[in-house]
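S.K.: Chains H and A are the protein sequences, given in the same order.
Quick note on numbering: the first sequence equals residues 1 to 121 in our numbering.
Quick note on numbering: the second sequence equals residues 1 to 109 in our numbering.
Don't take every hint at face value.
As the list claims (entries may be wrong) - If we take Cβ atoms under 10 Å as the criterion, some of the chain A residues that face chain H in the derived model are:
#, residue
1, ALA3
2, THR98
3, GLY103
4, LEU106
5, THR107
Claimed, not checked - Going by beta-carbon spacing under 7 Å, a handful of chain A positions derived as facing chain H:
#, residue
6, TYR51
7, VAL60
8, SER61
9, PHE64
10, TYR89
11, SER92
It is worth saying that the hints were derived from the structure and are not from the lab.
For each residue, glycine too, the CB sits at the ideal point set by N, CA and C.
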Amino acid sequence: AQLVQSGAEVKKPGASVKVSCKASGYAFPGYHMHWVRQAPGQGLEWMACLYPSSGDTMYAQNFQGRATLTRDLSTDTAYMELSGLKFDDMAVYYCARDSQWLARGSAFDLWGQGTVVTVSS
Amino acid sequence: QSALTQPASVSGSPGQSITISCTGTNSDVGGYNSVSWFQQHPGRVPRLIIYEVSNRPSGVSSRFSGSKSGNTASLTISGLQAEDEADYYCSSYTSRSTIFGGGTKLTVL
């Protein structure tokens, strides 16, 4: 099983970025997909999660209204779009699979390689 | 929701044991048996080392153990090795999210 994310992005303040996460080797619809970011030198920050089977989503308060999670069941790919980019949004963005079938938990057992998002004017 | 509270740093000598705490509230750590721990080496992707408070995924050394009492979860690493030097993060399920601790840098002296 693996998660492969799209490549690094450079965006201007105010722009949007869309990161993809292609899953393989497991039943994509049945496991929640989480998005976590890590700013340079900082800790992990949970952003949101998506249940691919239903499309149901849950967002951290800090990202409500600015992050949008979607998925494409035909290609087993999850997407995270973040709008209104600020310099503070510069970070590595990870997708991570929940370890539990069907249920949402706190254990992420499979991670993408990370996507570096740079915000620069 | 605020991040879980972890010490910024801990240290120990090879062969010793160390414990990292992770303090939350009864809405997260204290309310559910869904606390996990991750290890992250510099420049690397986080790795799950403990789930559901005290369970180890396949392939994780038995030197890593987890526990919980009230609103505080703990990660203990016994028989410290140089390769254990890394950042460690706890996480907890909540009804509306998942939250992480601020992270703890472990230095092996």
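S.K.: For every hint, state whether the structure bears it out.
M.R.: Each hint tested on the structure:
1. ALA3: holds (7 Å)
2. THR98: holds (5 Å)
3. GLY103: Because about 4 Å separates A/GLY103 from the closest Cβ in chain H, which is inside the 10 Å limit, the hint holds.
4. LEU106: violated (14 Å)
5. THR107: With a closest approach of 16 Å, the A/THR107 hint is violated.
6. TYR51: holds (4 Å)
7. VAL60: Since the shortest Cβ distance to chain H is 11 Å, the answer is violated.
8. SER61: Not OK, violated: A/SER61 not within 7 Å of chain H, min 16 Å.
9. PHE64: This interface hint is violated because 14 Å lies over the 7 Å limit.
10. TYR89: For A/TYR89, the interface hint holds, since the closest Cβ of chain H sits about 5 Å away, which is under 7 Å.
11. SER92: holds (5 Å)
Figure legend: structure checked against the earlier numbered hints; hints not met, in rising order: 4, 5, 7, 8, 9.
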